[in-house]
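Chains as they are written, first to last, in this note's numbering: chain D, 1 to 337; chain R, 338 to 629; chain B, 630 to 1018; chain S, 1019 to 1252; chain U, 1253 to 1505.
Please note: incorrect hints may appear among the correct ones.
Listed next, the in silico SDA-like pairs over lysine to any residue satisfying Cα-Cα at most 20 Å (straight line) [claimed, not checked]:
(1) B/LYS847 x D/ASP147
(2) D/LYS4 x U/PHE1266
(3) D/LYS156 x D/ASN87
(4) B/LYS847 x D/PHE243
(5) R/LYS616 x U/PHE1266
(6) U/LYS1466 x S/ASN1054
(7) S/LYS1172 x S/GLN1210
(8) S/LYS1147 x U/GLY1268
(9) S/LYS1123 x R/ASN468
(10) R/LYS339 x B/ALA862
(11) R/LYS500 x S/ASP1124
Partial pick of chain D residues on the chain B-facing surface, computed with a CB cut under 8 Å [stated by the list, open to error]:
(12) ILE144
(13) ARG160
(14) GLN233
(15) TYR235
Just so you know, these hints were derived from the structure itself, not from any lab. From the three backbone atoms N, C-alpha and C, an ideal C-beta is built for every residue, glycine too.
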Amino acid sequence: MNSKTKKAYLLNAVAVFLVYIVFLTLIRFKVLSNYFGGVIILTCIMMIMALSLNIVAGFLGEMALGHAAFMAIGAYLSGFTSIAIMNAFPTAPALLVLIFSSLVGGVAAGIAGIAIGTPSLRLRGDYLGIVTIGFGEIVRIFFINFDPLGGAQGLKGIPRLTNLSYAYWITVLVVFLIFTLGVSKYGRAIMSIREDEIASEASGIPTTRVKVMAFTISSFFAGIGGSLYAHYQGYIDPDKFQFMFSIEMFVIVVLGGLGSLTGSILSAIVLTVLPELLRGFAQYRLLIYSLALVIMMIFRPQGMLGRTEFSLYHLIYVLTNKREPYKKGSIDGGKSS
Amino acid sequence: MKLFFQQVINGLNSGSIYALIAIGYTLVYGILKLINFAHGEIMMFGAYFSFIAAATMDMPFWFVIIFSMGLSAILGMLVEFVAYRPLRQAPRLSALITAIGVSMFLQNVSLMVFGADPKVMPRIFPNVVFNIFGIEISSITLITIGLSVFFMILLELFISHTKQGRAMRAVSENQDAAILMGINVNRTVSITFLIGSALGALGGILYSTAYTNIAPTMGTMPGLKAFVAAVLGGIGSVPGAMLGGFLIGMIENMSKAYISTTWADAIVFLILIIVLLFKPTGILGKDIKEKV
Amino acid sequence: MKKRLALMLVLIMVMMTLAACGGGSDDSSDQAADSGDVIKIGATGPYTGETAMYGVACKEGMELAEKEINENGGVNGKKIKIVFYDTKGDTTETVNAYNRLRDQDEVVAFIGSVLTGESNAIKDLIKQDNMPTIAPTATGNDVTEGVPNFFRVCYYDNYQGGAAANYASKEAPEGLGAKSAAMLVSKGNTYSEGLAGAFKETFEKNGGEVVIEESYAKADKDFSAQLTKIKEANPDVIYIPDYYSTVGVILQKAKDMGMDIPCLGGDGWDSIQEEYADVAQGYVFTNHYAADSPNENVKKFTENYNEAYGKAPASFSALGYDAVYAMANAIIEAGSTDAQAVVSAIQTMNVTGITGEFTFDEEGNPKGKEVTIIQVDNGELKYVTTVTE
Amino acid sequence: MLKVKDLNVYYGKIHAIKGIDFDVKNGEIVTLIGANGAGKTTTLKTISGILKAEKGVISFDGENITRIKPHLIPDFGVAHVPEGRQVFAQMSVYENLIMGAFIRKDKREIANDIEMVYTYFPRLKERHKQLAGTLSGGEQQMLAIGRALMTKPKLLLLDEPSMGLAPILVDEIFSMIQTINGAGTTILLVEQNANKALRIAHRGYVLETGVIKLTGTSEELMSNDEVRSAYLGG
Amino acid sequence: MSAILQAKDVTMRFGGLTAVENFNLSINSDELVGLIGPNGAGKTTIFNVLTGVYKPSEGEILLEDTLINGLMPHEVVALGMSRTFQNIRLFKDLTTIQNVEIAYNNDIHYQLPHALFRTKKYWEEEEKAYEECKKLLDIFDMGDYEMTKAKNLPYGQQRKLEIARALASKPKVLLLDEPAAGMNPKETSELMETIHFIRKKFNLAILLIEHDMKMVMGICERLIVLDYGKTIAAGTPEDIRKNPDVIRAYLGE
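So here's chain D without its partners, still in its complex pose (with noise of 0.2 Å):
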């Protein structure tokens, strides 16, 4: 680590306690209300549902279009999980709680995502897509026909375990965790795949595994997701996880710029607050948060960002007037909130 990497680094860590400090004293002071907590919360949990696409969708160039699916896996189980534990042990404390049962709903959807990418990567493009679509249907049917989970009636009585500051800390340890998985071997063979799949097997890449692999992280992180979800709600249903929300995140990341994780929160953030900005507008909401979108794509197709990744430390040079400071790599270890 040189020291401009742990400028960079230290400057990013930085802005992310800032940038919690400010939240916690404005709502602590009631300049924020507890609506504008939840709305931070949700767009935390939209933002691990992006990045964690992002990985398949934009590091690996795959249409997947099923990602709600582990989004309930994870969801459910760590529902369940959490439910069975506060019903044992009524005094368990909720941060050990809330990730123990985060990993289970996690390490599901994770197994869900082997069990699915296996054998359907070796499609591409337009058919992986519609076999993705596919799952999550399947996973939504089988869920509403399961009656041991709440069945069409939705799981209930969730603790709710997720607060401002756990979704925030957990959200940021996520950012962190696909970033430096982006910029290490795993990400480099991960885009080399995107880029050209029979290169990247001609030059050693074992291209079904890191496959697999990408698909397996991502439907972690998504089941991460869910579980903070599901404790964030109390409640879920199976509903809640038809396709056309697999469809709004799968906007979202496209939207901020596939492979460009800054670009998906960007867009994370953007998309869950500006309907909440619109509540207001009644029937037209939808109206104009559609008519939004395309004249968005229409004049950035490329998504807001495009592929490049936004850096706190390279925007502080620039804006200083030094000269640009050395990059190396188009995805930098720099992370922002």
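For chain D, the structure is supplied; the task is to place chains R, B, S and U on it using the hints.
Same frame as chain D, but now just chains R, B, S and U:
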């Protein structure tokens, strides 16, 4: 046995509607490599147009059909012109997102214009139930199947025997080369949307006639299933879309009749996944191996 | 070309935004200034999306009540103002909307949500905030259970399903005299499954037999497979507990297939007479009230509603209307908008509404509410009788 | 016949063609030679309207065709055989040729012209029912040229017809180009293989990074030292 | 001198079509062998069979006495054989250095947790990989382009980058598929020098497909001529030039 044949008829009925809608997906995909998510909404508008023609203007049924197909065709072309054409050179996924946006937009426009309560499609064909060897077939089923097959044959003739049809094939194969032959790509794309949307509208009319209900969200599910049908048959292939449509209709009805009504959709998707795993480009899709 | 086009789209959007601002007088944000003389009540429901028709019907009833109350001097000298937020039928949206009502709009009471799933999603929050809440139309069995400040004006599914079964079993003319029944249920739909379950239990307790039970998925429009099977089983009555938009399609299909088995439904059938009069001719269903009731209140309500919206009210509208009045009366009785006072007032109040006279039991459900049996007759809904569970 | 004046073309942000002038006279074979990325293909694409000229005039038979839409260019009598052949892979050889005659309405003559293409390239006749995608590279090149001839062009633009072909096939294609030219079609040939191209061409232009460096008759260019060292490997 | 790469009676069929028939090859560890023949003769198919893209219908392929038929391409790479492609296949949207680093991946020794949590090992290994790949680029005079996206490189540089990438996996045998395609004579002669240089520097055996006769004749020690999947001649460039079968099928005149 009687029950089985009854279910076959049911399957053919819904299958022919899926097939009509699937053609629209397949045509557009063939030419622009775009999954036109808004196609289900075009179908929905087709149903509303026919509702307006039949319920408020009291037109004869052939006019209802022409009126609705015509308006929907214009709507389809308009969507292409406004939302897809500016993105012709953009990454394909961006166009896909635009299509999703257009789909949401149209759905909400229809919600505002036509209201949330479902409308009931008046019967534009007389309904008579025929009893053939104990199997009951309603005239609506016969008309649905008949009209679908008629238009599918018409389309096949158009594509293989007319100049414009050949132009469509050429553009879907190689756009650059097609331009060099003097083919107007923009016009060809417009015509593709025209045909696809008109057939989608017909699907909407028949769908709403058979199932009586018209609502702003009615396009979503049949749209998705028709898209599945197009992929199952081999997206880009017109005969594939027809075959896929009938297959999906049949699978759906048979699983409802003999396996489980609530798992029927899951079974449809499962079969799709299995078919794709063994034949990655769909049943009639052409295997194009990437050259190394 | 591209730029010009996009510019055009932007323009359309701006225009729409302006139209929305100008037209949306029922919006909350711009009225925050005069919140001092206004009592704000929150409401959520699906005003867009697949279930929009129920949300909109309920909203219309609520708006009528709001208008009437304000014209008659308001509540405790203040006008009431209902802030509506759309949920698309989505649970996350419901949570957001509820949070926003509580924190941004600072509503003192809440009416909602329209759907059972939505109501379940915010149940914990309602309890935690001790928000005085009346659900107008969420009929799911345990929606209000365990939340002392959560009430509803509609009866719950088991209650209604049981009443339907009792009516089916009773000999004519008090009932249908059915010995065997078929059920056609929307799988994955809490409402439909709840009603069906209760119907089956009571019907079999009464000595009948449910000979065939078919189901369909929520978005299904093609019921030929199921109806073909039911026709084979030939029961005395078919119980179809679902909303009228789906039921109409089922009945139409049944008629097309030449079936003539009588069908029985629940309150979701309300409005069926408008579009499906001929296919539903002669069938009966359980409902919250009868529009042709000689009751003065009901008459007035139907007239006013017709005047305001140019159509007959649906039962969801009546329930929304009752919920608003119940909440307004509770605030009057409490003499303040203090949450606990309002809740106590609701607990002890007598409701005389369009949908019946009742009090609330300890679970927040209406007590002593009768189930009205309605028959579809030549495009009109006719009062038949009332039954209890 | 074809006159290009002060042509400037941008490829995105890259200034690919920086003000070139050249002309092709009736009946000639003119070749544009140059290294990869010199702008040869860009020039051809601009003539056939696929790329837009930022500045400059392209006139054909006295008419200004600079701003004509690409699908209308064949009407003027300009046919373009693109780099990489671009045949319709899922159509038969015969259908490909029919597509070539898309802008024409004279059915009988179309049939005659197909026969004419078959006499130029007998191999195509043998395979007239075969799907074009299954043809070998050389046969596809023949088909691409044959398809372009079906538009009845006065001017044929050929983009790298020898690319990726075995030496023996290259010779065959080049002699066919001479035959076609002999039958009255003017040819603008873009080639990597400068040696072969100059051997059949009347005149040539040397393009280097978007600028015309040299021009002259084939003999002059072949004997030019610069050209010899850079392009003829000599 | 032992053979490093051997193909024994390799036959490749697609459906009914025989693309390659009874192909035999034996390359010594420092040889440079050329593979020529008309289009569609099966040259690239042979490359694909050798590198594991296709599994041969019959015959054996040995890389240093290891039987490699049926191995996946990446396994073949790991055993020491890498290749370039006829139509350049770079990772277009990645930088030049990333292109090389990807092929170097097998020599970067850390596990997923190291990467995710940025341990010391991660930094050391990444640093080492960067240095090595940079060195490789410098050999091709491309060090200045390390941050350029591959798609923005000039054509000739792209060809070179592909070779550099193939070298990053430390092969013992390098297969080059038409490396001079699309180059002018000057560039081609530079490329010839580069090939000579890397061959010495890395001690490689090279198998080359090329149409440019001048280049082939100039640098190859032996040639194999294919036509319709069959080997019609093999020998030194001098012999091949005079071989009547080759002249008829391929060279012409």
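Cross-check of the supplied hints:
This hinted pair checks out: B/LYS847 and D/ASP147 have alpha carbons roughly 17 Å apart, not beyond 20 Å. For a cut-off of 20 Å, the pair hint linking D/LYS4 to U/PHE1266 is broken: about 55 Å separates their Cα positions. Distance restraint check for D/LYS156 and D/ASN87: the Cα-Cα separation of roughly 14 Å lies within the 20 Å cut-off, and the hinted pair is therefore satisfied. For the suggested pair B/LYS847 and D/PHE243, the alpha carbons sit about 14 Å apart, so the restraint of at most 20 Å is met.
Between R/LYS616 and U/PHE1266 the CA atoms are separated by roughly 18 Å; this keeps the pair inside 20 Å, and the hint holds. For the suggested pair U/LYS1466 and S/ASN1054, the alpha carbons sit about 19 Å apart, so the restraint of at most 20 Å is met. Only pairs whose Cα atoms come within 20 Å are accepted, and S/LYS1172 paired with S/GLN1210 is rejected, the gap being roughly 24 Å. For the hint linking S/LYS1147 to U/GLY1268, the alpha-carbon distance of about 19 Å falls within 20 Å, and the restraint holds.
Distance check on the hinted pair: S/LYS1123 and R/ASN468 sit about 53 Å apart at the alpha-carbon level, beyond 20 Å; violated. For the proposed pair R/LYS339 and B/ALA862, the alpha carbon gap of about 14 Å is at most 20 Å, so the pair holds. Proximity of R/LYS500 to S/ASP1124 is assessed by CA-CA distance (about 13 Å); at most 20 Å being required, the pair is judged to hold. At about 4 Å, the closest approach between the beta carbon of D/ILE144 and any beta carbon in chain B falls short of 8 Å, and the interface hint on this residue holds.
The restraint placing D/ARG160 at the interface with chain B holds, with a minimum CB-CB distance near 6 Å, inside the 8 Å limit. Annotation: D/GLN233 was flagged as interfacial toward chain B, and the flag holds, the nearest CB pair being 6 Å apart, inside 8 Å. Evaluation of the D/TYR235 hint against chain B yields a held restraint, the C-beta minimum of about 5 Å falling below 8 Å.
Hint compliance for this structure: hints 2, 7 and 9 are not met, and every other hint is.
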